[in-house]
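Sequences listed follow chains B and Y, in order.
Residue numbers for the first sequence follow my numbering, so the first one is 1 and each next one is one higher.
Residue numbers for the second sequence follow my numbering, so the first one is 1001 and each next one is one higher.
Among these hints, one or two may not hold up.
Stated by the list, open to error - Some chain B residues judged to face chain Y by a derived CB distance under 8 Å, without partners named: (1) 30; (2) 38; (3) 242; (4) 301.
Note that these hints are calculated values from the structure, not bench results.
Think of the CB as a built atom: it goes at the ideal place given N, C-alpha and C, for glycine as much as any other residue.
Spelled out from the first residue to the last, the chains are:
2 protein chains.
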Amino acid sequence: MPLVYADHVAAMPLHPKAFEAMVPYFNDFYGNPSSIHDSGEKAREAIEEARGKVARLIGSQEEEIYFTSCGTESNNLALKGIAWAHQSRGKEIIISSIEHFSIMHTASALERAGFHVVRLPVDGHGLVDPGVVEKSISPQTILVSVMQANPEVGTIEPIAEIGKITRAKNVLFHTDAVDSVGTIPVNIKELNVDLLSLSASQFYGPKGVAALFVRKGVRILPLLDGGIQERGLRAGTENVPAIVGMGVAADLSREEIPQRMSHLQGLQKKLTEGLPQRIPYLRFLGHPTQRLPGNVSVAVEYIEGEAMLLFMDMDGIRISSGSACISRSLKVSHVMLAMGVDAATAQGSLLFSFGMQNTLADVDRILETLPPVVERLRNMSPVYRKAMAKKT
Amino acid sequence: MPLVYADHVAAMPLHPKAFEAMVPYFNDFYGNPSSIHDSGEKAREAIEEARGKVARLIGSQEEEIYFTSCGTESNNLALKGIAWAHQSRGKEIIISSIEHFSIMHTASALERAGFHVVRLPVDGHGLVDPGVVEKSISPQTILVSVMQANPEVGTIEPIAEIGKITRAKNVLFHTDAVDSVGTIPVNIKELNVDLLSLSASQFYGPKGVAALFVRKGVRILPLLDGGIQERGLRAGTENVPAIVGMGVAADLSREEIPQRMSHLQGLQKKLTEGLPQRIPYLRFLGHPTQRLPGNVSVAVEYIEGEAMLLFMDMDGIRISSGSACISRSLKVSHVMLAMGVDAATAQGSLLFSFGMQNTLADVDRILETLPPVVERLRNMSPVYRKAMAKKT
């Protein structure tokens, strides 16, 4: 039976064209971009070419793109770099309560360092209300950070509207766009953002490389001190092959986004329609329409998501329950709790995240495989039997 | 004419076996190590296998190895992570004055954050005196950081002796071993170190991955907040292919160190003997015997190193002047200044750093190519003509 990989939120395959472009930088052009001889020059040119491609993907200027090692580093750099550079103006930071751990925990670290962190509530669909952002901004606020799309429940946030508010209030605005760039059109001008995190591995590029867009003129301090790479904002020898791969993946994304969206929306539609027909007591999570294409998040009541995952895995279907990081931490998702999903329901969450390799036949496999797994698990569950007894 | 690459301090080629091992993790096993399904499991196992190999290379336990994205990150994590975790005990850090920028500038960042930094002098050979370390330790000292080998001048520091002192004084000891691990035998027990930075790209592994050894029981805080990867010390999705490549490169290094040393020492000897026979007013830099195999550092008086580099590059010979980072920053090397080399002489420094692909024929090429370059440049130099006029 062929495998079905529907966990693209956790990891995506590397695009073969990106890999192909990386190979010579592993084996032939291994020079250090900081070297002034010819080997260094080749590596340097490759990095600048990739920077241009990443810039074009989000509509920024080349010199506004800074390469980092992962989305987590981009998010840490955005929050800490802005906090340290602007603390004399104020020590308040506003984030949403459904951010990725790399924002949540970075904000907590800043809190321990004396910053005040405001955590914005979300509604039942996981949406941040721009009106609430506006009311939350105080004269001490230096930065607002709201993710563009939440991978766990698929909801796309009203970033452009929030951006208008922060701009009018003269407060810096960062968005973690790690899960949206490459899947939906993202343009920093339309979004009115000052900083934006994006990660190659979330658009069929390699692991080990990401970027932070920092609008020209925005003062920010480095996280890693050392050499003068990335114009002094990110020290460390550049990961040349990975940066080259990110560039190619960015170019491919820019060209393919319309096809990607329609392909993913087709898979999403079929699964969204098929699941409730086959599984009772199923609840869709996140926003019904403002959502990431290819992302279907559900809570199967009266069951633990993790047990479903493992049974599905035995049948060759790879899905997740909440985000990959959260899966391993074995805690109830802070995203679901913030959305008002009760802990028992959140435990039964399942996340299907499709990619370009998935087919409608994969959706059929899921629709055939999941219902008997759910039935089997529910029959083993005393909570379910009790609930059913009550109903009859 | 074949190229001669003798700038291994700046960048090393990736070992073909390391690359081979990485390929499946780019193309087939792309799962997120944090996923609980089978794809995640495969990635997780690969990481733990690599961790074991890295641990064996330096004689540590597996769980004492934390993967990072580069040597600069390892050094930042060591200094900042220890400073923040131990600041209640004291706010003093001791470093040498010839450290890599990722130590020098990190120490300066800590200084701006209220820490007191002591910078130890070195002698004319670039050696730190363990007696001076001992005298410099105060009750406020929480960390001593001295590099194991300076890549720019090749000198190997008396780390084991310093380690005995720090242990006796109950002060933590970090060594930046980025330029020594894989070239000379490095064992954390013999060195008496509590933390040690090493980078894959300096032992024929890939760029974009490095590690920090942290002795079990040593309290340290993370630099990147977020997920619980690397037991909470380094958040961010793991760069699986690069980590796999680092593991293979570590294994190869462990097996090959004796051959590497004898090969590199052969090249070093030939160049060291040949250069002064062909070029007058040449000065060797760094320690004459306690030095990295394959590393030859010289100052050619009355010339600028950069001009020599460019002429040599035109003849297909890639060397450097100081470290790669320093080359691009166009400043006089702080290492040379700390060693008492005057600025004019330091400007004429050239660094030959050999690798396993170099041959004795490469040394011949250098010995043939450099003298006419030097002569040509000197004839163009008014300073040289003036100095010669004085002598005659």
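Against the structure, the hints:
The interface hint given for residue 30 of chain B is met, as the beta carbon of that residue sits about 5 Å from the closest beta carbon of chain Y, less than 8 Å. Look at residue 38 of chain B: its Cβ gets to within about 6 Å of chain Y, closer than 8 Å, so that hint holds up. Checking residue 242 of chain B against chain Y: minimum C-beta separation of about 5 Å stays under 8 Å; hint holds. The beta carbon of residue 301 of chain B is not positioned within 8 Å of any beta carbon in chain Y (closest approach about 21 Å), and the interface hint is therefore violated.
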